[in-house]
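Residue strings, one per chain:
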Amino acid sequence: MSDQTAPLPLIMPLGDRGLLVRFGTTLSEAANRHAVGFAAKAEAASLSGVVDVVPNLASVLIRYVPSIVEFERLAGEVRLLVSASEVDTIDGRVHAVAVEFAGEDLDEVAAIVGVSRSAFVAMHCAEPLRVLATGFAPGFVYLGFHPEALRVPRRAAVRSQVPAGTVLFAAGQTAITSTDIPTGWHVIGRTEFRNFDPTVEPPTRLAAGDMVRFEVAR
Amino acid sequence: MTRVGPLTTLQDAGRPGWLAHGISASGPMDRAAFERAGLWLGGAGSTAIEFTSGLAFVLEGGPLSMAADGGGYALTINDKAIAWPARVVLKPGDAVDIRPGSWGNWGYLRFGAEIEGELALGSRAANSIAGLGRVLGVGDRLAFGPELERSRAPHPRATEQGQGPFRVIWGLHADTFDHATRGRFIEGSFRVSARMDRMGTRLDDPGGVFAGQRVLSLLSDAIVPGDIQILGDGTPIVLMRDHQPTGGYPRIATLVSADIDRFAQLRPSSDVRFEPVTLKHALGLTP
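Residue numbers (this note's numbering), protein chains in the order written: chain A, 1 to 218; chain B, 1 to 287.
Just chain B, with the same shape it has in the complex (with noise of 0.2 Å):
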């Protein structure tokens, strides 16, 4: 690794099933990316490299099957240009640069071989609570198994970014807010902060919806991906996969999972509207 940017983790499906310990199932933030990234290389290594602003690699060994995708970013190979999402047979020497692009904070790079490594609780997803799993740096080295056996495999094609409001369902705690700060929330409008990473990302509050908010003192209870939590002094936080197993700060709302990966791709400064839709209209939405 020769430039690694912030949050540069090696993420699998995740680990789900060790909540009652304490522990998120975490994995991707982009889900949907992840699972195109291995339906490019039509068969992968179960473990990806989840980047934000970025990295530059160079191939030791090879030749290595590589498929990226996630956002619009720029890809490099030797300096040469590649369309985004790639796929690519790296030679040894190589070198791959990925800058940011035209959106989206979150990019994967799955492999036609298995990154190696030891598995924690199952996984190899790195969880920055539990601090398990592997956060990469410059100088660090990745190493691989044999090549896997694959199958054809659709062309790469890019996703266009998603656009309207987030749809959720009413939370654990909407009935702590009154009648006239859930139809702000609904109606108003919010901001993506630069304050995000695995965990959660905060939004701003430029219409002050949740201005004034009460302090609640709330027994602890179960997070899950997608609450919408909001601060004692009234900032929201939408939680992520990292998130803690409980908390004690009141949730209005739940994201959707169909929008749970889109709206980890916005980057600071987007706009945000949550659309409240009932648990059966949920399970019918695509992203």
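One chain only, chain A, in its complex shape (with noise of 0.2 Å):
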């Protein structure tokens, strides 16, 4: 992010043990990146009282314990932190995930960017894709950006369940679920990976700010 200066956040309780802190109202690659910049410092800093940080798309929540730090001063030195210096550029750790792709909206997708099905999946596949941050359920990622020709609003019709492993797609976007969920995004395919093992220690595989090289499963 060479030397911009990060717009300043807004800092915002959420209850009485939540701090947000919020790089932007909507996803922009700038706010995101800035968030999961802000959330490595912060837990870097390990500041006094903070129990869990936790980065968003584009936010980032501390949660704290009130009796050891209050909101004002956690506020203060927050606010410390994001002027320190200028947003780190996470060097995330890079994972190739295979994808089945036959997912019952791939061709409606195909349709809408209005490519054939294989060359829908070249151009997906062409660039790896940055874990944006894990939020929703356990273990379900966000990906992006895809560029502005693969952007497909989501479904007008909410599927009540897709399993584990389903790759989804929507906004620009791609995400990978871990357990089963209801979703609005289209299912363009289907992997083994598996983000979320609770059996281990930390259960998820993939950071904000890791990298994801989609291939094609052979």
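Note that these hints are calculated values from the structure, not bench results. For each residue, glycine too, the CB sits at the ideal point set by N, CA and C. One or more hints might be untrue.
[As the list claims (entries may be wrong)] So the derived label-pair ranges between C-beta atoms look like this:
hint, chain 1, residue 1, chain 2, residue 2, range
1, B, Glu60, A, Arg154, 49 to 55 Å
2, B, Leu219, A, Ile112, 21 to 27 Å
3, B, Met199, A, Val200, 36 to 42 Å
4, B, Leu219, A, Asp107, 28 to 34 Å
5, A, Ile112, B, Pro165, 57 to 63 Å
6, B, Thr76, A, Val200, 40 to 46 Å
[To be verified] Below, simulated SDA-like cross-link-like pairs (lysine to any residue); rule was C-alpha separation at most 20 Å, straight line:
hint, chain 1, residue 1, chain 2, residue 2
7, B, Lys280, A, Glu77
8, B, Lys280, A, Val69
9, A, Lys41, A, Leu81
10, B, Lys280, A, Leu81
11, B, Lys280, A, Phe71
12, B, Lys280, B, Pro268
[Said to hold, decoys possible] Chain A side only, calculated, beta carbon under 7 Å to chain B, not exhaustive:
hint, residue
13, Leu14
14, Pro128
15, Pro203
Assembly of the complex is requested from the two constituent chains, each provided in isolation within its own frame, with the hints serving as guidance.
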């Protein structure tokens, strides 16, 4: 992010034990990079009274114990951290994820983009994607961003359940499910890759800032 | 276990620290009641049975000390009524039966021994979204470790059901509701619906506070326990211990920590009012 000055985030309470550092109310590459970078800084700072630092798509939730640190004091520490240096670019790990591109909505998505099924798959896998955030459900990851040509809105109807390992597509992003969830995103494929295993610590393999290279499963 | 109501699980103090992996902390719906049951024992195993409409079981070994609290339930041991909350020493063959009483949705049994079983991410707390921990059913058996050392403990004392409006701090998306809607939210009255579980409680909105609510397209953002989110059809839901890690419905306000336990114990058809407080005020509040 070179020497570009980070926009001052909004610092607000979330209940009486949470502090949210919000870098945007809409999702952008810059807001997401600021959130992921700030979360790493806040984690490394080991702030007193903080029990959890959670990066989201464009914000960071800090859970704290108010008997150890009050909101105003923590907000002050957060402001100092935000302005201390420019946003670090996270050098995430790179993962390869093999996908069987045969989802129920693949033809429809290719038609919206205006290309053949195989051309869509090639476009989808052309560049590695960044893990934008884990959220919505255990191990569920948002990955982005695809180029503008691959920006397709969500489906009008919600599927009440798709299984773990479903590869979803909408809003210029790809997502991977790790549990059974309802979704309004397009189902484009399936993967053996599982990003949630509660029998190991940590229970997920992908972290915000990591890169994922999608491959066609053979 | 010879009779088990729905949503009966094992719960300990919870599993904080895994939210970045999409896992909420879970833990008791009524934390204070869970802690009181431990207090009556003067040293209890970390894990409780959390129950709803009651349960019954027979002790196969023993003896085993046990304390019970949360709401107002009716407890019998071998058909003899015992005052609630309770501390007892169960003998081999004792038949314990708990049925709903005057108030509350969630009760707790804690024991003077640890319930055996695997930890998942450092905790035995069941999490309904992540599929962690144990959900109990008829025929299930729990095994206990050795009796723990205990200190002198106070005699169990009944807790009154709290009254009054629920204190809230304006939420993440309060500014997306117009002034009139925010005004109706704090002046109006809501009603607890029958649709409640460990993830959240739906409220009925007889005054139509959120009728005609615009469907907002919001960026999915962090959720905390006590968040009050408004669905696209105007239904308010108070999110509880097994909440989703993030969500895209607008959150108008968040219950203060001191009021979450009391809210969890509200039965269907209870009236609910909300009162905004400042953060500084919230920290000084007691339930």
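Going through the hints against the structure:
no. : hint                             : result
1   : B/Glu60 to A/Arg154: 49 to 55 Å  : holds (53 Å)
2   : B/Leu219 to A/Ile112: 21 to 27 Å : holds (23 Å)
3   : B/Met199 to A/Val200: 36 to 42 Å : violated (25 Å)
4   : B/Leu219 to A/Asp107: 28 to 34 Å : holds (29 Å)
5   : A/Ile112 to B/Pro165: 57 to 63 Å : violated (49 Å)
6   : B/Thr76 to A/Val200: 40 to 46 Å  : holds (44 Å)
7   : B/Lys280 to A/Glu77              : holds (18 Å)
8   : B/Lys280 to A/Val69              : holds (12 Å)
9   : A/Lys41 to A/Leu81               : holds (7 Å)
10  : B/Lys280 to A/Leu81              : violated (24 Å)
11  : B/Lys280 to A/Phe71              : holds (9 Å)
12  : B/Lys280 to B/Pro268             : violated (31 Å)
13  : Leu14                            : holds (5 Å)
14  : Pro128                           : violated (22 Å)
15  : Pro203                           : holds (5 Å)
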